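So the sequences go chain by chain: R and H. Quick note: the first sequence, position 11, residue 11 per the working numbering, numbers continuous. To convert, count from 1 in the second sequence and add 111; that's the working numbering.
Hint data in this document are derived by calculation from the structure and do not stem from the laboratory. Keep in mind it's a predicted model, so treat the numbers as computed, not measured. Careful: at least some of the hints might be erroneous.
As the list claims (entries may be wrong) - Straight line, CA to CA, 25 Å or less: simulated BS3-like cross-link-like pairs of lysine-lysine:
id	chain 1	residue 1	chain 2	residue 2
1	R	Lys-44	R	Lys-62
2	H	Lys-160	H	Lys-180
3	H	Lys-224	R	Lys-44
4	R	Lys-27	R	Lys-62
5	H	Lys-180	H	Lys-169
6	H	Lys-224	R	Lys-27
Unchecked claim - Far from chain R by the CB rule (all over 10 Å, computed), these chain H residues:
id	residue
7	Pro-123
8	Ser-138
9	Asn-152
10	Gly-154
11	Leu-167
12	Asn-172
13	Phe-178
14	Asn-179
15	Thr-213
Glycine included, each C-beta is placed from N, C-alpha and C at the ideal position.
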Amino acid sequence: NAGVMQNPRHLVRRRGQEARLRCSPMKGHSHVYWYRQLPEEGLKFMVYLQKENIIDESGMPKERFSAEFPKEGPSILRIQQVVRGDSAAYFCASSRQGEEYFGPGTRLTVL
Amino acid sequence: AQSVTQLDSQVPVFEEAPVELRCNYSSSVSVYLFWYVQYPNQGLQLLLKYLSGSTLVKGINGFEAEFNKSQTSFHLRKPSVHISDTAEYFCAVITNTGGFKTIFGAGTRLFVKA
Chain R
1 NAGVMQNPRH LVRRRGQEAR LRCSPMKGHS HVYWYRQLPE EGLKFMVYLQ KENIIDESGM
61 PKERFSAEFP KEGPSILRIQ QVVRGDSAAY FCASSRQGEE YFGPGTRLTV L
Chain H
112 AQSVTQLDSQ VPVFEEAPVE LRCNYSSSVS VYLFWYVQYP NQGLQLLLKY LSGSTLVKGI
172 NGFEAEFNKS QTSFHLRKPS VHISDTAEYF CAVITNTGGF KTIFGAGTRL FVKA
């Protein structure tokens, strides 16, 4: 049973470009969470999704960030017009209900 | 609102010495408690968790933690550390309000010296 998969593991973008981060939850998990870890900091909750629904996006920046979890396929975290401050590790987690299982993360570097 | 406080940002310790990493949480409802370890440039690995039952929880790599409801604490301990335990450790809490999202502490960097 494969764990939570995230790709790419490393992503480099120039300021103003778009970044797309993908997360495939564990088999049978319908809840997906995205977290951001800025350098030298802990993880901060961004958004919680179930299939085709955003349940809680209280941690998402108001602009440029969006997330989806379609009926088929991985969850996508999309960052438009990236800025240097978006450089961070982005972690996805999935669960059935309760304990979350974390992916290896995507490290975004904005030049 | 729930919050997690890790009282020490860095803990230096000599190899084979005991260590305790402190964690306090605030929540008015029942919680699930976790400790994760993160090695440099890697993801999170679950060390141990408290869901219910015995308040003393044993995890991987010789770590254990004790849930103390009256003090709202969940301190992590290891009787004898190794160089390989050098990493960042995160305490986390999940409550069943707002969809089971995890609230993390800021992390404690454990640095084991030879």
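Verification of the supplied hints:
At most 25 Å may separate the alpha-carbon atoms for a hinted pair to count; Lys-44 of chain R and Lys-62 of chain R meet this at roughly 15 Å. About 15 Å separates the Cα atoms of Lys-160 of chain H and Lys-180 of chain H, which keeps this hinted pair within 25 Å; it holds. Distance check on the hinted pair: Lys-224 of chain H and Lys-44 of chain R sit about 30 Å apart at the alpha-carbon level, beyond 25 Å; violated. Under the criterion of a C-alpha separation no larger than 25 Å, the hint pairing Lys-27 of chain R with Lys-62 of chain R is inconsistent with the structure, at around 31 Å.
A threshold of 25 Å between alpha carbons decides the hint, and for Lys-180 of chain H with Lys-169 of chain H the separation of about 17 Å falls inside it, so the pair holds. The straight-line distance between the Cα atoms of Lys-224 of chain H and Lys-27 of chain R is roughly 41 Å, outside the 25 Å bound, and the hint therefore fails. Pro-123 of chain H, annotated as away from the interface, keeps every beta carbon of chain R farther than 10 Å; the closest lies near 17 Å. Its beta-carbon lying about 15 Å from the closest one in chain R, Ser-138 of chain H satisfies the requirement of being farther than 10 Å from that chain.
Not every Cβ of chain R is farther than 10 Å from the Cβ of Asn-152 of chain H; the closest lies at roughly 7 Å, contradicting the non-interface assignment. A beta-carbon of chain R comes within 10 Å of the beta-carbon of Gly-154 of chain H; the shortest separation is about 4 Å. With a cut of 10 Å on Cβ distances, Leu-167 of chain H stays outside the contact zone with chain R, its closest approach being about 19 Å. Against the 10 Å criterion, Asn-172 of chain H stays outside the reach of chain R, whose nearest CB is about 17 Å from its own CB.
Taking the minimum C-beta to C-beta distance to chain R, about 16 Å, the non-interface status of Phe-178 of chain H holds against the 10 Å cut. With a least beta-carbon separation of about 21 Å from chain R, Asn-179 of chain H lies farther than 10 Å from that chain, consistent with its non-interface assignment. Under the 10 Å C-beta cut-off, the non-interface status given to Thr-213 of chain H relative to chain R is violated; the minimum distance is some 6 Å.
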